Amino acid sequence: MLDLKTIRENPDMVRSAVASRNDTAPIDDILKLDVDRRKVLSESENLKAKRNEVSKQIAKMKEKPAALIAEMREVGDQIKAFDEKVGQIDQQLNDLLLQIPNIPHPDTPVGKGEDDNKVVWSWGEPRKPDFEVIAHWDLGPKLDIIDFDRGTKLSGSRFYVLKGLGALLQRALTSYMLDLHIKEHGYTEIYPPYLVKSDCLYGTGSLPKFGDNIYHDEEDDLWLVPTAEVPVTNLHRDEILQPGMLPLYYVSHTACFRREKMSAGRDTRGIKRVHQFEKVEMYKFVEPEKSEDELDRLVKNAETICQQLELPYRVLALCTADISFPANRSFDLEMWAPGSNEWLEVSSCSNCGDFQARRANIRYRPEAGAKPQYVHTLNGSGLALPRVIIAIMENYQQEDGSIVVPDVLRPYMGGLELIK
RNA sequence: GGAGGGGUGUCCGAGUGGUUUAAGGUGACGGUCUUGAAAACCGUUGUUGUCGCAAGGCAACCGCGGGUUCGAAUCCCGCCCCCUCCGCCA
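Residues in the first sequence are numbered consecutively from 1261, following my numbering.
Take these hints with a grain of salt, some might be off.
Each computed DSSO-like pair below joins lysine-lysine, with the alpha-carbon atoms no more than 30 Å apart [as the list claims (entries may be wrong)]:
hint: 1; residue 1: 1320; residue 2: 1340
hint: 2; residue 1: 1292; residue 2: 1265
hint: 3; residue 1: 1316; residue 2: 1299
hint: 4; residue 1: 1631; residue 2: 1308
hint: 5; residue 1: 1265; residue 2: 1469
hint: 6; residue 1: 1457; residue 2: 1265
hint: 7; residue 1: 1308; residue 2: 1265
hint: 8; residue 1: 1345; residue 2: 1469
hint: 9; residue 1: 1340; residue 2: 1292
hint: 10; residue 1: 1402; residue 2: 1378
hint: 11; residue 1: 1402; residue 2: 1372
hint: 12; residue 1: 1550; residue 2: 1631
hint: 13; residue 1: 1521; residue 2: 1469
hint: 14; residue 1: 1378; residue 2: 1388
hint: 15; residue 1: 1378; residue 2: 1550
hint: 16; residue 1: 1457; residue 2: 1521
hint: 17; residue 1: 1402; residue 2: 1680
hint: 18; residue 1: 1388; residue 2: 1560
hint: 19; residue 1: 1388; residue 2: 1532
hint: 20; residue 1: 1521; residue 2: 1372
hint: 21; residue 1: 1560; residue 2: 1372
hint: 22; residue 1: 1316; residue 2: 1292
hint: 23; residue 1: 1265; residue 2: 1550
hint: 24; residue 1: 1265; residue 2: 1631
hint: 25; residue 1: 1423; residue 2: 1292
hint: 26; residue 1: 1378; residue 2: 1560
hint: 27; residue 1: 1345; residue 2: 1457
hint: 28; residue 1: 1340; residue 2: 1423
hint: 29; residue 1: 1413; residue 2: 1402
hint: 30; residue 1: 1299; residue 2: 1265
Simulated restraints on C-beta separations [said to hold, decoys possible]:
hint: 31; residue 1: 1444; residue 2: 1605; range: 20 to 26 Å
hint: 32; residue 1: 1276; residue 2: 1373; range: 17 to 23 Å
hint: 33; residue 1: 1351; residue 2: 1602; range: 40 to 46 Å
hint: 34; residue 1: 1660; residue 2: 1366; range: 19 to 25 Å
hint: 35; residue 1: 1472; residue 2: 1424; range: 32 to 38 Å
hint: 36; residue 1: 1439; residue 2: 1292; range: 31 to 37 Å
hint: 37; residue 1: 1286; residue 2: 1677; range: 58 to 64 Å
FYI, nobody ran anything at the bench for these hints, they're computed from the structure.
The model shown is predicted, which means the values in this text are computed figures rather than measured ones.
Backbone N, C-alpha and C fix where the C-beta goes; we use that ideal spot for every residue, glycine too.
Turn these sequences into a full structure, and let the hints guide you.
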């Protein structure tokens, strides 16, 4: 959420920032509501000050004056009417503010769509085998490590079953990634609830605009997490973090659930875009002036995984039209999949500035006695699993269709060297 | 799911309609004293909104939301969370 003061003082800056994201914001409506709100609020507050004063006088009187009390009853009714009006305006204002995306960082390239994302650097040479690489959706069933038919039987399209060494590969990847981030990168592991209240999704910016893509339980009004970012952000919702507590680095491995309604019909084959997948998510709460450096380190942490897995990748600076709603700047990591013949997004690392902190009311005290300030939050996948599994199946594939197990994963797979 | 108890500021804790502008303690910060520290003593110390160039004023906040009243931490109604016991259960 943007600061109302920012909109009040720089409406044109906000307007053009939102436009650069191919989005629109009802700035004029907000400005009008803001003026109305303060007008009605001061009417109410003046009357309350009067009521407080008179009530204090009445308290001291032995004889309670009926006429004065009747007059104050009238004042009370007026206050109630003004407060109702303020409540309505607050609600309208809040509804509008929640729909405005974050303002892009000046270094975010301006663009109109994903074609305007900039490749900023890359690592490793994509392998060019002299045989035809089998796409993972064909190889998975052949090796009996992914069962698409039975996944569909159980739960419908975009569901799958990992079996035997496929399931083991996923488990090995998770453990390996968690261990690296915990032991080498200084993150603390979090195991959060997979079902959360609406408040949590408003906090990250997933609601109100993206509810269509999230599974919702009507009976208890709980939502299945689309990413660990949601529960982890809200760990410190409505808190003031004490001096010395920042930075906080968390890493969380969860299942992620997405309805994929907005991408209906896209990527229907394989495990690239599915309703349920595993992800290891890195998350940081930091001081505002550190967040830009922290974003660089977050990207590096994700890259380390790719490098140790020896999977070639490229890094994209997302353009204004493509960064996510709460982000001011994002870098994506993409691995080349020679069987599927496309780049796979395996990580998205974003700086959200104080956007989520303001929505979720997460503040910190720079030093004892100092005024609380909003923290900055960052999130980045480290990494998203099904796509890394695809990359391994297609990059480590041999001519006979067997898959060489990356070195770093072997200790997690009982020393296994080959999936065949 | 049933019965009972509870939720007050950084924390502990008093407070059942009006000198409560939330007692007292604790923590933190500043000062006096001291070679330095501790102790003692004195002072300061919540959040948000709003008005104001500022100094500062005003308003709201005692789990959350309503209600009663001239006036609510206090009374009434609904909800949430925690604790104890019972039931059920991976």
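A quick look at each hint next to the structure:
no.: 1; hint: 1320 with 1340; result: 25 Å, holds
no.: 2; hint: 1292 with 1265; result: 13 Å, holds
no.: 3; hint: 1316 with 1299; result: 26 Å, holds
no.: 4; hint: 1631 with 1308; result: 28 Å, holds
no.: 5; hint: 1265 with 1469; result: 23 Å, holds
no.: 6; hint: 1457 with 1265; result: 29 Å, holds
no.: 7; hint: 1308 with 1265; result: 25 Å, holds
no.: 8; hint: 1345 with 1469; result: 26 Å, holds
no.: 9; hint: 1340 with 1292; result: 22 Å, holds
no.: 10; hint: 1402 with 1378; result: 37 Å, violated
no.: 11; hint: 1402 with 1372; result: 41 Å, violated
no.: 12; hint: 1550 with 1631; result: 18 Å, holds
no.: 13; hint: 1521 with 1469; result: 13 Å, holds
no.: 14; hint: 1378 with 1388; result: 24 Å, holds
no.: 15; hint: 1378 with 1550; result: 24 Å, holds
no.: 16; hint: 1457 with 1521; result: 21 Å, holds
no.: 17; hint: 1402 with 1680; result: 9 Å, holds
no.: 18; hint: 1388 with 1560; result: 26 Å, holds
no.: 19; hint: 1388 with 1532; result: 22 Å, holds
no.: 20; hint: 1521 with 1372; result: 22 Å, holds
no.: 21; hint: 1560 with 1372; result: 27 Å, holds
no.: 22; hint: 1316 with 1292; result: 37 Å, violated
no.: 23; hint: 1265 with 1550; result: 23 Å, holds
no.: 24; hint: 1265 with 1631; result: 18 Å, holds
no.: 25; hint: 1423 with 1292; result: 59 Å, violated
no.: 26; hint: 1378 with 1560; result: 18 Å, holds
no.: 27; hint: 1345 with 1457; result: 28 Å, holds
no.: 28; hint: 1340 with 1423; result: 63 Å, violated
no.: 29; hint: 1413 with 1402; result: 19 Å, holds
no.: 30; hint: 1299 with 1265; result: 16 Å, holds
no.: 31; hint: 1444 with 1605: 20 to 26 Å; result: 24 Å, holds
no.: 32; hint: 1276 with 1373: 17 to 23 Å; result: 18 Å, holds
no.: 33; hint: 1351 with 1602: 40 to 46 Å; result: 45 Å, holds
no.: 34; hint: 1660 with 1366: 19 to 25 Å; result: 52 Å, violated
no.: 35; hint: 1472 with 1424: 32 to 38 Å; result: 36 Å, holds
no.: 36; hint: 1439 with 1292: 31 to 37 Å; result: 54 Å, violated
no.: 37; hint: 1286 with 1677: 58 to 64 Å; result: 59 Å, holds
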